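Engineer: Residue-level listing of the chains:
2 protein chains.
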Amino acid sequence: MSKFGMYAKFTSKPGDREALAAILLEAAAAAETVNECELYIVNLSESEPDVLWVTEVWSNAEAHAASLKDEATRATIQRAMPLIAGVEPIPLVPVGGKGLVFGAKDA
Amino acid sequence: MSKFGMYAKFTSKPGDREALAAILLEAAAAAETVNECELYIVNLSESEPDVLWVTEVWSNAEAHAASLKDEATRATIQRAMPLIAGVEPIPLVPVGGKGLVFGAKDA
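Protein chains in written order, with the UniProt record's numbering: chain A, 1 to 107; chain B, 1 to 107.
For reference, chain A alone in the conformation it holds in the complex:
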């Protein structure tokens, strides 16, 4: 089964990027105990002052879908909502590279 990847572009309400980043970093910390979450990196856009990008890689799409139903994750999303002007996901299929372990199942 392929890994599941996503770039999630978050546009904060004006001036709220730092507060939103703090909540997303809490979500990343919570993901430390979730084995199927292989990567969850919070990035600031260099060019857009209200934009954050989250780089996610999961062992499979089902693990990602399950995470969205998790009660703690839903509570975190609820806290973040007032800070968010928009979200644009870019779904990806990670096929290989440095920094993650890829196997025949990812081909």
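Among these hints, one or two may not hold up.
[Unchecked claim] Straight-line Cα separation of at most 20 Å, EDC-like style, residue types lysine to aspartate or glutamate; simulated pairs:
(1) A/Lys13 x A/Glu62
(2) A/Lys9 x B/Glu46
(3) B/Lys9 x A/Glu46
(4) A/Lys13 x A/Glu48
(5) B/Lys9 x A/Asp70
(6) A/Lys13 x A/Asp70
(7) B/Lys9 x A/Glu48
(8) B/Lys9 x B/Glu88
(9) A/Lys9 x B/Asp16
(10) A/Lys9 x B/Glu48
[Unchecked claim] Reference excerpt, derived from the structure (chain B facing chain A, CB under 8 Å, subset only):
(11) Gly15
(12) Leu92
(13) Gly99
(14) Gly103
Hint data in this document are derived by calculation from the structure and do not stem from the laboratory. Since we're looking at a predicted model, the values are computed, not measured. Think of the CB as a built atom: it goes at the ideal place given N, C-alpha and C, for glycine as much as any other residue.
Since the structure of chain A is already known, use the hints to place chain B on it.
Structural biologist: Then chain B, alone, in the frame of chain A:
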């Protein structure tokens, strides 16, 4: 010093995505020995059949800039050029998360 991140969107010439992915995976393999390259993941777009995204994280911007001057890297870029219709980089500042080691220097 902050880490340096980039999403690089490669649009291949029609039908050339697979050949381009193979060359980018060679670049990723070459990066295995470069300590400052922390992440170099090749991803297929789910929605755009000629699009690949490379997720890069480097220990600092200077290491990334130096890599572009490396002779082997330049040779790889030359081989990839005929397959590429366009490249759009999204520069990022990775601030934290799961899957990489962040220190006070990344804040």
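Engineer: Each of the hints needs a verdict: does it hold here or not?
Structural biologist: Consistency of the hints with the structure:
| no. | hint | result |
| --- | --- | --- |
| 1 | A/Lys13 x A/Glu62 | violated, 31 Å |
| 2 | A/Lys9 x B/Glu46 | holds, 16 Å |
| 3 | B/Lys9 x A/Glu46 | holds, 16 Å |
| 4 | A/Lys13 x A/Glu48 | holds, 12 Å |
| 5 | B/Lys9 x A/Asp70 | violated, 32 Å |
| 6 | A/Lys13 x A/Asp70 | violated, 26 Å |
| 7 | B/Lys9 x A/Glu48 | holds, 17 Å |
| 8 | B/Lys9 x B/Glu88 | holds, 5 Å |
| 9 | A/Lys9 x B/Asp16 | violated, 27 Å |
| 10 | A/Lys9 x B/Glu48 | holds, 17 Å |
| 11 | Gly15 | violated, 17 Å |
| 12 | Leu92 | holds, 4 Å |
| 13 | Gly99 | holds, 4 Å |
| 14 | Gly103 | violated, 14 Å |
Against the hints set out earlier in the document, violations occur for numbers 1, 5, 6, 9, 11, 14.
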